[in-house]
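Chemist: Here is how the chains run, residue by residue.
2 protein chains.
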Amino acid sequence: MRRNLSLAPRFRLHPFVSSFLLQSDSLSLVYQQDEEKLAELTSQLTTEDEKQKFVLKTPKGTRDYNPRQMAIREKVFDTIVGSFKRHGAETIDTPVFELKETLMGKYGEDSKLIYDLKDQGGELLSLRYDLTVPFARYLAMNKLTNIKRFHIAKVYRRDNPAMTRGRYREFYQCDFDVAGQYDPMIPDAECLTIIHEILKDLQIGDFLIKVMWLASLTCSLALCPPPSVALVLVCLWQTIKFKFSVTHPSPPPPPPHTHTHTHTHTSVALKTQLPSSEKIVCNEWQLWSVRRLKISFDRRLAFGISSEISFDMSLARGLDYYTGVIYEAILVQNSPEALQNLQGEEPVTVGSVAGGGRYDGLVGMFDPKGRVVPCVGFSIGIERIFSIMEQKADASNAKIRTTETQVLVASAQKKLLEERMKLASELWNAGIKAELMYKKNPKLLNQFQYCEENGIPLVAIIGEQEIKDEVIKLRYVATREEVDIPRGNLVAEIKKRTV
Amino acid sequence: MRRNLSLAPRFRLHPFVSSFLLQSDSLSLVYQQDEEKLAELTSQLTTEDEKQKFVLKTPKGTRDYNPRQMAIREKVFDTIVGSFKRHGAETIDTPVFELKETLMGKYGEDSKLIYDLKDQGGELLSLRYDLTVPFARYLAMNKLTNIKRFHIAKVYRRDNPAMTRGRYREFYQCDFDVAGQYDPMIPDAECLTIIHEILKDLQIGDFLIKVMWLASLTCSLALCPPPSVALVLVCLWQTIKFKFSVTHPSPPPPPPHTHTHTHTHTSVALKTQLPSSEKIVCNEWQLWSVRRLKISFDRRLAFGISSEISFDMSLARGLDYYTGVIYEAILVQNSPEALQNLQGEEPVTVGSVAGGGRYDGLVGMFDPKGRVVPCVGFSIGIERIFSIMEQKADASNAKIRTTETQVLVASAQKKLLEERMKLASELWNAGIKAELMYKKNPKLLNQFQYCEENGIPLVAIIGEQEIKDEVIKLRYVATREEVDIPRGNLVAEIKKRTV
Numbered sequence: 001m002r003r004n005l006s007l008a009p010r011f012r013l014h015p016f017v018s019s020f021l022l023q024s025d026s027l028s029l030v031y032q033q034d035e036e037k038l039a040e041l042t043s044q045l046t047t048e049d050e051k052q053k054f055v056l057k058t059p060k061g062t063r064d065y066n067p068r069q070m071a072i073r074e075k076v077f078d079t080i081v082g083s084f085k086r087h088g089a090e091t092i093d094t095p096v097f098e099l100k101e102t103l104m105g106k107y108g109e110d111s112k113l114i115y116d117l118k119d120q121g122g123e124l125l126s127l128r129y130d131l132t133v134p135f136a137r138y139l140a141m142n143k144l145t146n147i148k149r150f151h152i153a154k155v156y157r158r159d160n161p162a163m164t165r166g167r168y169r170e171f172y173q174c175d176f177d178v179a180g181q182y183d184p185m186i187p188d189a190e191c192l193t194i195i196h197e198i199l200k201d202l203q204i205g206d207f208l209i210k211v212m213w214l215a216s217l218t219c220s221l222a223l224c225p226p227p228s229v230a231l232v233l234v235c236l237w238q239t240i241k242f243k244f245s246v247t248h249p250s251p252p253p254p255p256p257h258t259h260t261h262t263h264t265h266t267s268v269a270l271k272t273q274l275p276s277s278e279k280i281v282c283n284e285w286q287l288w289s290v291r292r293l294k295i296s297f298d299r300r301l302a303f304g305i306s307s308e309i310s311f312d313m314s315l316a317r318g319l320d321y322y323t324g325v326i327y328e329a330i331l332v333q334n335s336p337e338a339l340q341n342l343q344g345e346e347p348v349t350v351g352s353v354a355g356g357g358r359y360d361g362l363v364g365m366f367d368p369k370g371r372v373v374p375c376v377g378f379s380i381g382i383e384r385i386f387s388i389m390e391q392k393a394d395a396s397n398a399k400i401r402t403t404e405t406q407v408l409v410a411s412a413q414k415k416l417l418e419e420r421m422k423l424a425s426e427l428w429n430a431g432i433k434a435e436l437m438y439k440k441n442p443k444l445l446n447q448f449q450y451c452e453e454n455g456i457p458l459v460a461i462i463g464e465q466e467i468k469d470e471v472i473k474l475r476y477v478a479t480r481e482e483v484d485i486p487r488g489n490l491v492a493e494i495k496k497r498t499v
Numbered sequence: 500m501r502r503n504l505s506l507a508p509r510f511r512l513h514p515f516v517s518s519f520l521l522q523s524d525s526l527s528l529v530y531q532q533d534e535e536k537l538a539e540l541t542s543q544l545t546t547e548d549e550k551q552k553f554v555l556k557t558p559k560g561t562r563d564y565n566p567r568q569m570a571i572r573e574k575v576f577d578t579i580v581g582s583f584k585r586h587g588a589e590t591i592d593t594p595v596f597e598l599k600e601t602l603m604g605k606y607g608e609d610s611k612l613i614y615d616l617k618d619q620g621g622e623l624l625s626l627r628y629d630l631t632v633p634f635a636r637y638l639a640m641n642k643l644t645n646i647k648r649f650h651i652a653k654v655y656r657r658d659n660p661a662m663t664r665g666r667y668r669e670f671y672q673c674d675f676d677v678a679g680q681y682d683p684m685i686p687d688a689e690c691l692t693i694i695h696e697i698l699k700d701l702q703i704g705d706f707l708i709k710v711m712w713l714a715s716l717t718c719s720l721a722l723c724p725p726p727s728v729a730l731v732l733v734c735l736w737q738t739i740k741f742k743f744s745v746t747h748p749s750p751p752p753p754p755p756h757t758h759t760h761t762h763t764h765t766s767v768a769l770k771t772q773l774p775s776s777e778k779i780v781c782n783e784w785q786l787w788s789v790r791r792l793k794i795s796f797d798r799r800l801a802f803g804i805s806s807e808i809s810f811d812m813s814l815a816r817g818l819d820y821y822t823g824v825i826y827e828a829i830l831v832q833n834s835p836e837a838l839q840n841l842q843g844e845e846p847v848t849v850g851s852v853a854g855g856g857r858y859d860g861l862v863g864m865f866d867p868k869g870r871v872v873p874c875v876g877f878s879i880g881i882e883r884i885f886s887i888m889e890q891k892a893d894a895s896n897a898k899i900r901t902t903e904t905q906v907l908v909a910s911a912q913k914k915l916l917e918e919r920m921k922l923a924s925e926l927w928n929a930g931i932k933a934e935l936m937y938k939k940n941p942k943l944l945n946q947f948q949y950c951e952e953n954g955i956p957l958v959a960i961i962g963e964q965e966i967k968d969e970v971i972k973l974r975y976v977a978t979r980e981e982v983d984i985p986r987g988n989l990v991a992e993i994k995k996r997t998v
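From first to last, the protein sequence lines stand for chains A and B.
Every letter in the first sequence is one number past the one before it in the working numbering, and letter 377, counting from 1, is 377.
Add 499 to a position in the second sequence, counting from 1, and you land on the number used in the working numbering.
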């Protein structure tokens with residue numbers, strides 16, 4: 001709605017608008033009986049010198065979507081939303097900007113990439129950087145303790161764009177998150193299942209989902225009194241074993257050297273030593289666990305998705321708010337066989353397409369009483385997926401329809417505009433997707449050509465004879481077959497022919 | 500995608516995250532064998548004093564959509580998009596912000612309502628104020644001369660919000676526009692048809708679409724040499740008559756006094772006198788035409804939508820870029836009978852829900868060569884429609900489902916989590932929308948209650964006996980009927996029961 005239509009304080013005309021008026025369609029209709037006069041006036045009034053120089057571009061790192069790209073985008077969204085709904089998720093929406101303080105302290109050094117709005121009086125605002133922090137704010141604000149929701153929306157990062165690789169400053173995230181206090185690892189495993197399902201459904205090639213727990217582990221080590229440390233590792237191991245049915249004959253002992261290093265964390269006061277000690281623990285753990293897990297990991301995962309999942313200790317970093325399991329999905333160029341025999345080597349990746357993890361502390365940061373709402377979730381990064389789909393569509397030379405029109409209402413004769421409008425109206429009222437060309441007397445050939453160009457499968461041709469006979473000539477564009485259909489049967493016939 | 504997952508320069512933990520870790524789910528799983536110790540640690544480590552005070556709100560004039568509101572919103576969008584697609588429209592998308600200069604000079608005094616982004620180096624950006632200017636920029640940038648497109652997206656205005664009346668600073672517009680040089684009034688009339696169709700399909704009560712040409716008329720008067728003025732009015736009148744089949748026995752003469760006033764516009768140089776003279780012309784024209792048109796306006800409109808359309812001379816103002824026909828749709832509280840007998844009185848309106856018009860000069864403002872691309876279109880303002888739909892849903896007490904889950908995978912017995920996960924997996928792979936509760940051993944009653952609360956129609960119950968017999972007990976929540984279904988037939992049975 002151009003909402004201010006009747007609220008504008010007074011009627012004013014922009015000088016450009018005025019100067020263009022005489023060239024315009026609306027005025028030409030006014031002057032239809034006096035076209036010569038119009039031409040004369042137009043030449044008098046054209047104001048070439050008044051034109052301004054505009055930079056015709058979208059802002060850096062952003063792009064428009066043309067109808068073809070939108071058709072691809074819609075297909076991708078359908079797949080993703082289909083999967084989210086299959087798993088019983090609700091959806092929410094939040095504003096594109098948040099109070100600046102809502103975003104502060106959530107992204108570490110990446111905070112410098114946040115777009116701030118200009119201070120025009122009132123609140124200080126920033127464009128959302130992801131959908132996770134707004135989700136946590138939403139939960140705290142509405143005092144929700146459990147929800148399974150998805151959210152598809154654009155987020156904003158003043159990053160260095162690399163648009164050919166699908167890296168934009170404005171880009172979509174498709175988030176799925178489960179908030180609530182549940183038994184361990186069940187929602188986490190479902191998240192992995194959904195990532196797996198979506199990447200498979202999208203048919204964008206081989207992928208690998210890397211999983212790890214290191215952030216949580218390291219935190220535990222840093223925060224726990226020494227006697228607990230061995231326990232932490234054993235429990236963690238048992239959790240992995242239980243949930244992912246690792247088939248190693250007997251649980252190995254906790255990794256060597258763990259005690260040595262964790263003994264340095266004798267109290268919470270030692271938290272500051274975390275970075276250096278973390279590195280050592282990480283390496284030992286890596287050596288120990290990557291080997292064990294990669295060997296023993298098989299298809300027995302309860303949700304049946306083990307083949308594309310690996311445990312990867314290099315994924316030891318994350319956004320500030322992650323506190324538990326972290327995962328990242330990457331597309332790989334290797335063949336599936338190569339993936340099975342990785343032997344510790346990294347596959348050739350073409351980039352990350354999904355990421356997520358557990359963030360149990362984030363909602364509490366917003367709650368005035370610090371109530372904890374454990375959360376786990378992920379984002380699908382679809383810009384890169386769009387790029388891949390577009391490249392595939394370009395390569396296959398497949399015609400992508402950008403409209404869904406079933407039938408063009410056409411005529412071979414003149415003066416039948418009103419008849420065409422009437423027939424189109426009948427079809428629209430019956431729920432048929434129909435178009436007519438916006439010409440008083442279009443040529444039949446042009447009307448057929450319009451159908452070819454736009455993939456419209458049927459033409460409903462009306463002429464004086466057809467009006468007299470109360471029929472419509474229905475033409476099948478692909479076969480050029482033409483059949484007279486009684487006007488009363490037309491809707492049923494079109495529905496039958498375009499399922 | 501939390502894109503920077505593996506790009507964060509180093510691993511750091513926010514102090515809040517650390518302090519909450521011990522209360523969290525991910526850690527509780529680690530400690531599952533040592534819960535007493537966890538409780539002790541938690542009490543030691545809670546850091547009440549570290550908590551910050553956050554203002555828990557969305558920015559002024561904005562709101563979140565909860566799942567129920569999203570379900571209503573989706574229904575409204577489906578109706579609107581359905582209509583747009585029925586009329587053969589493609590869709591595009593543009594960035595949420597534009598270069599500041601793209602928006603400059605398009606909105607007159609309303610420009611002060613534009614949200615600017617903070618200058619953080621680089622380009623100066625503003626949030627889009629509507630979808631029309633970005634559309635014109637898109638056309639000019641891509642040198643497109645004709646397209647029929649829709650665009651549904653949020654726009655931003657630093658206006659005085661009145662949120663109870665559906666007036667926000669962030670709000671959706673659903674735009675439909677036709678660009679291209681076509682024969683007069685055909686796309687314009689289709690726009691009216693679509694507005695009419697959508698407002699009818701939405702079932703939000705009586706409405707009235709006000710139509711007028713005054714902006715164009717006034718401009719003409721201001722720009723034309725005196726001899727043309729009478730011609731303008733006659734042609735305009737004939738256009739109205741032709742397109743909307745007004746049945747007045749004979750066209751009345753041009754309105755009285757028109758000559759008097761327009762004679763004051765003897766040259767283009769007199770443009771500055773427009774505001775005052777416009778007012779007079781407007782009043783005369785109003786007296787003359789409203790009476791005539793309202794009496795004579797009947798159902799003969801070619802697209803068959805005359806009953807809710809009126810000609811209204813009070814709609815004499817518009818955004819700067821309008822150049823021709825302008826229309827605005829309002830919801831009215833009067834009964835349809837009252838509408839028929841208006842006799843010049845205004846109906847009680849509850850507000851504008853759609854508006855639009857012809858803007859033939861806008862694209863040329865962006866084109867370096869000033870090429871003119873005539874455009875006509877409209878916006879549906881759906882926030883007010885959402886409010887009405889929400890109020891209706893509240894009043895009717897109708898249960899609105901926020902998920903589409905067909906079946907809950909449940910168990911009455913303990914230790915069947917993995918069996919539930921396996922069954923859920925089977926159903927997901929078969930395209931069934933299924934959920935399971937995230938508890939190791941949920942109570943059967945809780946599982947049934949979950950179905951009642953969420954409107955899930957079926958429960959697939961698995962137990963040791965069922966596993967042995969290779970059946971699933973399928974329960975119909977509404978009737979409480981339970982039937983044993985062979986596992987191989989389950990998917991078909993669920994599909995049959997949930998069409």
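Calculated directly from the structure, the hints in this document are not laboratory data.
Just to be clear, a hint being listed does not mean it is correct.
[Stated by the list, open to error] In silico lysine to any residue, SDA-like type, Cα no more than 20 Å apart, as pairs:
hint, chain 1, residue 1, chain 2, residue 2
1, B, K898, B, K914
2, A, K422, B, K699
3, A, K143, B, N565
4, B, K972, B, E992
5, B, K574, B, I703
6, B, K584, B, L701
7, B, K914, A, D484
8, A, K468, A, E453
9, B, K642, A, D64
10, A, K85, B, P566
11, A, K473, A, E418
12, A, K57, B, V554
[What the hints assert, rightly or not] Far from chain A, some chain B residues (derived; all Cβ distances over 10 Å):
hint, residue
13, P558
14, E589
15, T644
16, V831
17, Y937
18, L973
On a predicted model such as this, the values are computed, not experimentally measured, just so you know.
C-beta atoms are modelled at their ideal positions from N, C-alpha and C, and glycine is treated no differently.
Chemist: Are the hints correct? Go through all of them and say.
Modeler: Each hint tested on the structure:
no.: 1; hint: B/K898 - B/K914; in the structure: violated (34 Å)
no.: 2; hint: A/K422 - B/K699; in the structure: holds (18 Å)
no.: 3; hint: A/K143 - B/N565; in the structure: holds (13 Å)
no.: 4; hint: B/K972 - B/E992; in the structure: holds (12 Å)
no.: 5; hint: B/K574 - B/I703; in the structure: holds (13 Å)
no.: 6; hint: B/K584 - B/L701; in the structure: holds (16 Å)
no.: 7; hint: B/K914 - A/D484; in the structure: violated (67 Å)
no.: 8; hint: A/K468 - A/E453; in the structure: violated (31 Å)
no.: 9; hint: B/K642 - A/D64; in the structure: holds (14 Å)
no.: 10; hint: A/K85 - B/P566; in the structure: holds (13 Å)
no.: 11; hint: A/K473 - A/E418; in the structure: holds (17 Å)
no.: 12; hint: A/K57 - B/V554; in the structure: violated (37 Å)
no.: 13; hint: P558; in the structure: violated (5 Å)
no.: 14; hint: E589; in the structure: violated (4 Å)
no.: 15; hint: T644; in the structure: holds (12 Å)
no.: 16; hint: V831; in the structure: holds (15 Å)
no.: 17; hint: Y937; in the structure: violated (4 Å)
no.: 18; hint: L973; in the structure: holds (18 Å)
Taken one by one, the earlier hints fail for this structure at numbers 1, 7, 8, 12, 13, 14 and 17, listed in ascending order.
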